[in-house]
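In the order they appear, the protein sequences are chains V and G. Per this note's numbering, the first sequence starts with residue 1, numbered consecutively. Per this note's numbering, the second sequence starts with residue 1, numbered consecutively.
Please note that the accuracy of each hint is not assured.
Pairs of lysine-lysine residues, derived as DSS-like cross-links and limited to a Cα-Cα distance of at most 30 Å, are as follows [claimed, not checked]: (1) V/K158 with G/K120; (2) V/K110 with V/K91; (3) G/K195 with V/K3; (4) G/K75 with V/K108.
In short, the hints are calculated from the structure, not lab data.
2 protein chains.
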Amino acid sequence: MIKFTHKEQQILKQIITARRDIRGNRFNKKEILNELLNSTNNAPSVGFSQPWEFVVIKDNDKRNEVYKEFEKQNKKAKKIFDSREMYKSLKLEGIKESYLNIAVLYKKPKSDILGQTVQKKMGEYSVVCAIQNLWLSARSYNIGVGWVSILRPKKIKKILQIPKEYKLIGYLCIGYVDTFLDTPELETLGWEKKKSVEEVVRWV
Amino acid sequence: MIKFTHKEQQILKQIITARRDIRGNRFNKKEILNELLNSTNNAPSVGFSQPWEFVVIKDNDKRNEVYKEFEKQNKKAKKIFDSREMYKSLKLEGIKESYLNIAVLYKKPKSDILGQTVQKKMGEYSVVCAIQNLWLSARSYNIGVGWVSILRPKKIKKILQIPKEYKLIGYLCIGYVDTFLDTPELETLGWEKKKSVEEVVRWV
């Protein structure tokens with residue numbers, strides 16, 4: 001059994017703290033990947049079901065289609081945030097500039113899963129844990145990841161011809177970057193305030 | 001900007017690989033916590049909304065009530081897995097033995113959230129990322145975390161008197177442990193096979 005040291009705890013802390021949500025204008029083009037996918041495959045999963053699948057997208061035509069869907073949905077979002085002028089100037093995806101895109105899928109189970117008999121969402125949550133593993137691993141390799149959520153999952157599934165037993169959980173843009181910001185961009189810009197631990201913890 | 005080294009990448013990899021879902025029989029009693037909660041607070045969140053809240057439960061009466069709910073739901077689960085004799089012998093929670101329990105909540109937003117205008121689940125997924133940060137940080141401190149999912153969220157909310165604008169995402173049992181298994185227990189027992197990366201990745 002591995003026992004981690006104070007120094008190793010500090011390294012994980014640094015990686016967690018230094019992770020950023022990366023937008024397109026900071027992507028370069030280079031290769032990686034196997035280590036990152038390995039780290040997803042060691043994520044926790046309900047009943048050891050490992051219900052994740054990854055579609056790695058290099059094809060430019062597909063990416064252009066995904067980008068068009070983003071533009072369409074972001075046009076609607078701009079209206080929603082009409083009263084906050086800043087929204088229009090935010091870069092919210094890196095679909096075309098990144099080295100590659102990954103669609104992260106949840107494969108719906110065909111039979112009962114241990115631990116998922118009451119809370120049906122547990123399978124999806126396992127997939128999210130896998131994404132977070134990938135995100136931290138990427139950061140440790142100094143590689144940027146951006147999660148693009150202004151997309152209709154059904155439309156993305158159609159573009160990628162994904163069968164209906166899958167659910168799209170996340171759409172990621174991945175690649176080497178010029179820089180990682182010291183502070184989340186939305187914090188610096190004052191879009192939202194950083195919460196303190198005290199604000200989000202209660203004792204019973 | 002921090003650039004991580006090969007050695008640091010290997011440490012994160014070790015932490016991710018050595019993380020285990022911990023059941024009650026391996027919990028001791030000791031203290032930690034602030035570092036773990038700090039790591040959750042540095043998780044990614046849609047539109048920097050940080051929609052997570054944590055209820056830390058030490059009270060034994062509350063825990064007993066949660067345990068009763070587990071027993072009730074697991075009785076039903078045992079019937080579902082009637083054909084797999086092994087299920088009955090599995091230890092699936094550490095509610096009473098662990099040092100403390102944490103209910104992890106999603107606070108539903110009162111107004112529109114950047115990035116959540118199309119995919120309403122993004123807020124919940126941010127909370128799951130926070131749980132995975134906590135889980136890895138705990139492992140780096142050689143502290144065990146078990147996610148108990150055989151519970152009805154509504155019942156847990158009632159026991160803990162959680163207002164209705166919150167959704168229960170995860171129920172965690174946390175504490176020092178005697179050992180971390182080298183391999184996930186459900187893999188060793190043959191409940192599910194470990195998937196290879198090749199099985200879960202496709203290229204487009």
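Each hint, compared with the structure:
1. For a cut-off of 30 Å, the pair hint linking V/K158 to G/K120 stands: about 20 Å separates their Cα positions.
2. Annotation: proposed proximity of V/K110 to V/K91 is violated, straight-line Cα distance about 39 Å (limit 30 Å).
3. Note on G/K195 and V/K3: the hinted pairing holds, with a Cα-Cα distance of about 26 Å set against a maximum of 30 Å.
4. A distance of roughly 24 Å separates the Cα atoms of G/K75 and V/K108; the hinted pair therefore holds under the 30 Å criterion.
The structure does not agree with numbered hint 2 stated previously, though it agrees with all others.
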